[in-house]
Structures are given as structure tokens and as C-alpha cells.
Amino acid sequence: MSNIEKEARKKIRRAAINKNWTLFKQSRLGIVGLGIVLFFAFLAVLQPILFLTGVWNEGVYDPVVGYEPERFELLVVECPQQYPTEKYQEPNDCPARGEVNKVLVFDPSVSVGDYYETSLQPAPPSSKHILGTDSLGRDIFSQLMEGSQVAFLLGLLSATVGVALSTILGSIAAFFGGRVDAYLMRQSDLVLMLPFLPLLFIISAFVELKVWHLAVVLGILGGLGGSVITIKSAALQVKVKPFVDSARITGGSRMRILFSHILPNVAPLALLFMVFSVTGAIASESVLSFLGLLNIDMSWGLMIYLSQTDGYIFSGLKYWWLILPAGLSVTFLAGGFYLVGRGLDEVFNPRLRDR
Amino acid sequence: MDENILEVKNLNMHYETISGDVAAVKDITFHVKKGESFGLVGESGCGKTSVAMSLVQLQADNAKISSGSITLDGQELIGLSENELRSVRWDGISIVFQGAMNAWNPVIKIGEQIREAIREHYPNNTKLQNIEKIKELFEMVGLSETIIDRFPHELSGGMKQRAVIALALSCNPKLVIADEPTTALDVVIQDQILNEIKKVQDLLGLSLIYISHDIAVIAEMTERMAVMYAGRIVESGPTKDIFANPRHSYTRALLESTPSVVGDKVKLNSLDGEPPSLIDEEFGCSFSPRCSNPTENCKSGKSEMGLIEVAEDHFADKCCVECG
Amino acid sequence: MKKNLIEVKNLEKYFETSAGLFSRKKSTIKAVDGISFEIPFGESLGLVGQSGCGKTTTARALCLLDEKTSGEINFYNSDTKNMESIDNLNDEELKSFRRNIQMIFQDPYESLNPRWNIKDIILEPLNIHNIGSLNEREDAVVEILKTVGLTPPENYLPRYPHELSGGQRQRVSIARTLIMKPKFVVCDEPTSMLDVSIRISIMDLMLNLAKDLEVSYLYITHDLAVARYMCNRIAVMFNGKIVEIAETEELLKNPVHPYTKRLISSIPVPDPTYERVVYDIDFTELENIISTDTKNIGMVDIGNEHFVATHDVKGIL
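Chains as they are written, first to last, in our numbering: chain Y, 1 to 355; chain E, 1001 to 1324; chain B, 2001 to 2317.
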């Protein structure tokens, strides 16, 4: 390869990236989605850096075993028998923030009106724990970052497995046709008919599901389902293109045509599928964790699950830092990937592109 | 007879795209006389369809007419409201698009679709009157009456295209624009359609603008013609004069590169190079890179483009007339 | 006596279609219905007819893309110096035989893989047949790009098809086709989608290459004017059958079959002073005669190597 050729190649690649980026930029939603995804990626990467540089002490901030409760001085009060009173409107108001019910202080030396020093779990956001701590005194923000790592790992791994599977099977179905096609299509129908969550419940009953197990299971289920049918129809369109005929006339083998001609041409569609299926994987993980069916150290779904088992989930917004950060993270990251998919659609979809 | 039905003066139109403005129509001036058929010939991307779209103001959303005037029978079309345009579009000008035969709604009978168009413009007509009208139109374009009750997929390409022509004629337009109406059709069917168009034109005294990339079709169909290149008209005039005495190198190249089945087999000459990108700024004559005989002025980009009259009613681009 | 490169005898290609969703009845479409022709070395045959007449089906059968229903295709074997049927080849022989036949397609936008750059596209045949070392292959690509007029080659090698114009893409197609030095190239309307001014340069290129590389073309087109420019002989096809076949000028000056006459008289003439007279025929009747007259199958030589189908067409003459 001559130098001129290398130069030209570099230039062309840069031009192609520029053009695709321009197209992607046109979709505002795509940009918003990309921003969200990058934000969470930043969070995921930030945590290990904080530990390594010693900004965070692992004993305190570790998302699973870290522990350092905040110390608080609480005003000891006595909750009235009857509501409303002058101070409290209803039972939920007592004790108010910064107060503790005398009945709950099992220390006879303490009396109403005293200040009682205690550790508060879960503690609300403070300068030390910017999103507060959970009921075991662990830092929520650190958990959120850990959850972000899990979400990326799970989402990308399952999407990769799924898309690789559906692209290969879809292309094979289109290329070989006949019985192979018929078998693969019936298989897709079958997988499509399976109720997704109940199936996962059953699997988790037999197998201890770890994150990457789940990723593979989700990937396989996603990769055998409807996306095979869609990829197949795309591959069928490629199969009848003259350049495929041209390769056949020249004597190209079936494998060559399948892998060099058909696969690269359905790849953009597959990439689109991949981005969209990340959304599904993240959501599924949350549901399974929330139901306590995964053997997993920490994840967003698990954070919500813990707040539920500890009884905080129905407390409304009083303990918001236990529920909202994790819930919003699931929503935003899943949504973010979806929006990136919409943006990519703008780039890949020739119908939208020809403007 | 010498009255002009359509006059286009200094029309400029461009498309706004993400890669920049594409100047599709540059300083176009021509006129069509009453009852005449006028040909517009040029390669793909030369702006001939853009001209047609501007005439009926049906251009794409990102197309902007920056200057110029279009007068149809004395009425200025540029600046009309959407409502006024709608009445002009069928009563005044109607257009047969390239590939229009594939634009029929597949689930509605052909007759019904034409009747709808007629009803829109003649709301007082009875159903029977409309059907009579359609029968008349079908007879004109050589379709049998039974086609009225057929669905589009039951017809062949040629029949569908005839029906499109019937539709275009349904509201008695003064001017019909035919934009490559036979491009996707076989030669024999093309021949039949061309005959039909000629016959109808004679019968109704229609004015016709015939757009094509095929100079042979233009030679047969039109009395006057214009040759377009890179958004500009480079030569216009009576068809016979242009064929007998082409003054622009591009016209000459087109004539020399069209094979024929009659006469002796002649060596055809090719035109090297590609048409210029319409995004780039123009420097001098846009044809000069492909010109067989450019002058120094041409090559340095100093020459200016613009039509001058070289013979009666025969215009050609200044630059090329100077080149010889 | 001219040496033939390829001989086609009674080639038939039928398609089966089922009549309806729940119907078991099948009907047969005779896309190519017993056609015969031969192409001598270095000569080109034009196959002309309207869309649906079976010319593309013929091309695909000749390129071994689709299996023929019956008939013989014999090809000159340069080792044994004999005509040999391509049906008898085993897999390995077939693969090496494929070097001899190539095809150029109509649509320059679809005939090049959009995800490959020009270099890889042209290299592919060499890679498939494992010809030469990697360096030799690259040199061959550079050489062939020069031959088809894409210079300097370095500018084109790394580019992708969508960055080229229609004419340039068709040149790439031709380069890819010719890099194997085939003896026989099937051209399926290779210039019909190109602009007039570019069309002639592509046709000239193909003509020159045919002369230099001793390639024979089967040139498929609906445009007799183009066929006249490209071919020594022309075969006119109608409803799956060849109705007339002759030397190009002989066919144009002296057409015998009514369909040929109709076809020739349908072509617009680029001369406003020329009065074209259309030779009108009844197509339904012609179709009936051709599909029902099974007694008189065959071609008769009326002199000058001018063959006409023998079915009874007096009724429409």
C-alpha cells in the first residue's frame, strides 16, 4: 500500500465519520441520549478512580461492605396519643426531622427535651455522603456508581450476544432458505411466544444467576426472538443485489458470500438493534433484582429491592434518597440508550437519510 | 398563435441541504407558445425536473426560489397563496411525473381516482357527466372504457401511464408538463405513448412541455427545445434549427453521442468528464472543463455565461458561441 | 469457418408458480423456451427484446446463476481445443471454469458492495481464485484501473462506491469483470442507467477492451440503437423465443419477422426532419401464434446467415 493510498484512506475515513456525525447531530434526541449515556459511563469509571486515588476510603465508601454512619444529635420528644396536636398534624409527622421518639430510645437516662447522640440509618444527604446512606449505612452514591458499572456490563454484554446471534441466524436463514429458514423461523416464533419474565423466574429457581449469566441468558432469548426475523428480511434484500450475484458468478463460496457480502450489509441494522436491546436488558435486570432473584452484590434494582425489604419503599418521599436515585438511573440510562438508537436510526436509515 | 402561454424569466432555485446550498436552477429564461410543444433535454441532475417542479410550485420543502418570474397566460405564479396555486395546478398546468404510473392508489379503482380529481374542480358536475368525461378521456388516450372499473394492479405499465395522461387532461389544462413519461417503459410501449400524446395534443391544441434525457424523443416530439446543463439553459430555439446547426458544444456532444437505427452506422463521440457539482461556486463557463475547444478566457474562468441570440429565436450561451 | 466460443442449444428455463394461496395447482411460465445461438471468438451478440421476454433469464442461466430447465450450453475448452458441455463439470472444474464467464450488471449503484472499497471490490475475484501473490494482485488492480480509465488509480483504490459517479462505478464493474481475463462477458444493459454523454464512453471502452483482450460479449438490451453500436450480430427475442437472428446491419436493413419490424420502427430517431413510419402489428395475435404454433418450431436460414423463426406469421404480416 503506497503512502498516497494510506493518506487518502485516512482522509476518507475521517470524512465518513464527519458525515455520520453530522447526520447524528441532526437528531436532538440522539444527542440528549448520548449525553445521558456518557454521564453514566463517567459515573461508572469515576468510582474506581476515587478509590485508587484515595479520595474515598474503601472502608467507608465501598458500596457493599463500607460502613460509616453519620452521627446526629436528635431531640428526644414524646409522640402524642391523639392527633392533630399543635405540633403534629398526623402520626407520620412524629418524630419530625431531627427528633426521636422517647419510646424508641432504650436508655432510661434520657428524658424528653434532651439531645441524644445516635447514628442515623438511613442518613439523608450530607456533605460527606452526597446522596445519603442506605439502611446499613452504606454510601448511596457509591452504590449508584457500582450499579452503573453493572448496567453497562449487563446491557452491552447481553446486546452483543443477542445481536451476534440474531445477525448470524438471520443471515443464514435468508441465505440458505428452505428447511434451515423454516426451522429458524419456527424457533423464533417459539421464543417470541415464551413469556419472558416467568421464564427468567424459573431459570433463576434452578440456577444461581450472576450478572454475566443473566447477560448471556437475556442475550440468547433476545437473539433468538423477533430480531432474527427482522434481520432475515434485511438480509433477503441484500441477497438479491447484483453484487452478490457477481460474487457467485466469480465462484465465491457460500461462506464467503454470507460473511463478506451479506453480514456487513445487515450490520448497521444489527447495531441499531443492539442499542435498543441494551434498554431491554437494563430494565429486565432491575425487575429481577427487585424481585430478589439475582445473586448480585449491587445494582440499581437491588438498591430498590433493599429499600423495599427494609420497609422504606412505602414511606413516600421521606426517604427519597433510597429509591429515587436508583429508580431514576434505571429510567434515564435505559431511555438514554433508546434515544441513541433513535439518533443512529437517522444515520443508518436510508429513508430518513436521503434529505 | 404566436402568443406565449408560459414565460419564465431569470428563474433561480436552490435546495438547502446539510452539505450546503445546491443551485439546481440558474437564471433560466424560456417561453412556450400556445399550442406548441417545447422540449427540455439534459442529463440527470441538470435541473430539468427542478424547473418542472418550480413551474407548478410543487418543489420539495428545502427548495427555495430566490428570484425570477413565471407567468402563465399573463398570471404571475410566484408569490401566489397555496389556495390560488391549487386552482392553477390543474386548470392551468398539469404535470405527468416520471414514474407517475406507480403513484396510483392500489386499493381504489382507476376511474374513481380520476373522478375524484374532476369532482374537486367541477363540483357541480353530476356523477354521470364525470363518467362520460372519463370515457371521453380514455378514448383519447387509447384505453378501453372497461378500465374505469379496474384496479391499478390489473393494468400493465403502459396502460397505467395512459391513465395518468388521462388524469392530467381531466381538468382541461392549458399546459401539460410531461416529465420523462416513458422512461421506465419498453420501446414499443414508449412509441405508443408518444403517439398518444401527439394525437391528444393535436386534438386539444394543448401546449406541452416535454422533458427527457433522450434527444431522439425530443427530436420527434417537439417544435422548440432547450438544452440544459448544470442548472442552466445553454441553448434554446426551434428543434430543427438546433439539430441542423447546434451552436453550443454540449448540444453538439449530445447529438454526436446518440446512436440511431436509421442511416449508416456512424462513429459516435463521447464526452469526457462529469457534470460539475452544483454545490460549488461557478467560475466562468460551467461546461469549459469538458469543452472540446475552450478559449483562454474559458479556461481561466473569466468568461461569463448568458444566452445571446445567434439566429432568429435561436439562443445559445455566449461563451460557447465565442469558442465556435 | 469461425471457431465458436459458446454454443447454446434449445435452452429452456421454466418457472413454476402456484395459482393461489390454497391451490395446489401449479402453472408453468416458460421464461426461456428453447433458444439456440452461438457466439464465435471475439464477436458480440446482442440479445434484444422488451422487458419480460426472457433475456435476463437467459443471461442468468448462461452465468450459471440459476439452473436451466433443459438444453445444452457448450463452451470452448482451451486445453482440449473442443467444445465441451458445462453440465459435466465437477465442483473443482466448475470453479475454475467460472473464470471464463463474467457478468456486468445494469445498475451501477447496486452491483458494487457498498461496504467495500474499490480496491477490495476489484481484488475479490483474484482472492476467490487465489491468483498470484498479494503484491501481484495489488499491482494487477492498479493496472486494470488504468486500463478502464480511472487514473490515477491511487485516488480510487480506497474510495467507496457511493463516492463515485454512475459512469465511474460502471468502470469499476468493468475492471472487476476483466481482471480475471474472461473470454465471455454477459452484459445486462450496462449503460441503460447512465447519462447519454457518459454512455458512449463506457460503450467505447467496452468495445476497445473486447478487441484488446479478445472478449466476446452477450449484450442484453432493449435498445436496438445501442445493440447496433456494440454487436456484430443481433438476436431478437419475444416471449421466451428468438424470432430473428442476423448480422446487425442485415437485421436493421432487412428485417423479416413482424416483431423485429415493429421493434425497429418504434425507436425514435434523433433527427427532427426524419418521418418515422411505424409498422403496427397486433401483439395479442402474435403472442397466440408463437405460443400455440408447436408444429413449426425452428429457425430457417434466408441467406446471409439471417435466421427467422418458422412459425406461421402470415396472418399478421
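Please keep in mind that the hints were generated in silico from the structure rather than gathered at the bench. Cβ coordinates follow ideal geometry from the N, Cα and C atoms, glycine included. Watch out, some of these pointers could steer you wrong.
As a list, the in silico DSSO-like pairs of lysine-lysine whose alpha-carbon atoms are at most 30 Å apart [to be verified]: (1) K1034(E) <-> K1064(E); (2) K239(Y) <-> K2030(B); (3) K2146(B) <-> K2211(B); (4) K1064(E) <-> K25(Y); (5) K2261(B) <-> K1199(E); (6) K10(Y) <-> K25(Y).
Pairwise CB distance ranges (calculated) [what the hints assert, rightly or not]: (7) S1066(E) <-> N2208(B): 28 to 34 Å; (8) V2278(B) <-> E1007(E): 46 to 52 Å; (9) I49(Y) <-> S1044(E): 53 to 59 Å.
Here are some of the chain B residues that sit facing chain Y, going by a computed Cβ distance under 8 Å [as the list claims (entries may be wrong)]: (10) K2026; (11) L2065; (12) I2101; (13) S2111; (14) P2158; (15) L2207; (16) N2208; (17) K2211; (18) D2212; (19) E2214; (20) K2261.
Quiz item: Are the Cα atoms of K2146(B) and K2211(B) separated by 30 Å or less?
Solution: The hint holds at about 17 Å.
Self-check item: Distance restraint between K1034(E) and K1064(E), which requires alpha-carbon spacing of 30 Å or less
Solution: Within the cut-off at roughly 28 Å; holds.
Quiz item: Against chain Y, is K2261(B) within 8 Å by beta-carbon distance?
Solution: Violated. Min distance 33 Å.
Quiz item: Given K2211(B) was flagged as interface, is its beta-carbon under 8 Å from a beta-carbon of chain Y?
Solution: With Cβ-Cβ at 23 Å, over 8 Å, it is violated.
Quiz item: Does K2026(B) pass the interface check with chain Y, least Cβ-Cβ distance below 8 Å?
Solution: violated (18 Å)
Self-check item: chain Y contact restraint on P2158(B) - CB to CB distance below 8 Å
Solution: holds (4 Å)
Quiz prompt | 30 Å limit on alpha-carbon distance, applied to hinted pair K1064(E) and K25(Y) | solution = holds (24 Å)
Quiz item: Is the Cα-Cα distance between K10(Y) and K25(Y) 30 Å or less?
Solution: holds (22 Å)
Practice problem: Starting from K2261(B), check that the Cα of K1199(E) is at most 30 Å away, please. | Solution: Judged against 30 Å, a Cα distance of about 23 Å means the pair holds.
Exercise. Using 8 Å as the Cβ threshold, decide whether D2212(B) counts as touching chain Y.
Key: At about 21 Å, which exceeds the 8 Å cut-off, the nearest Cβ of chain Y leaves the hint on D2212(B) violated.
Quiz item: Would the hint on I2101(B) stand, with a C-beta cut-off of 8 Å toward chain Y?
Solution: With a minimum Cβ separation of about 7 Å from chain Y (threshold 8 Å), the hint on I2101(B) holds.
Quiz item: Was the hint right that L2207(B) lines chain Y, CB cutoff 8 Å?
Solution: violated (22 Å)
Hints 7, 8, 10, 15, 16, 17, 18, 19, 20 from the earlier list are contradicted by this structure; the remaining hints agree with it.
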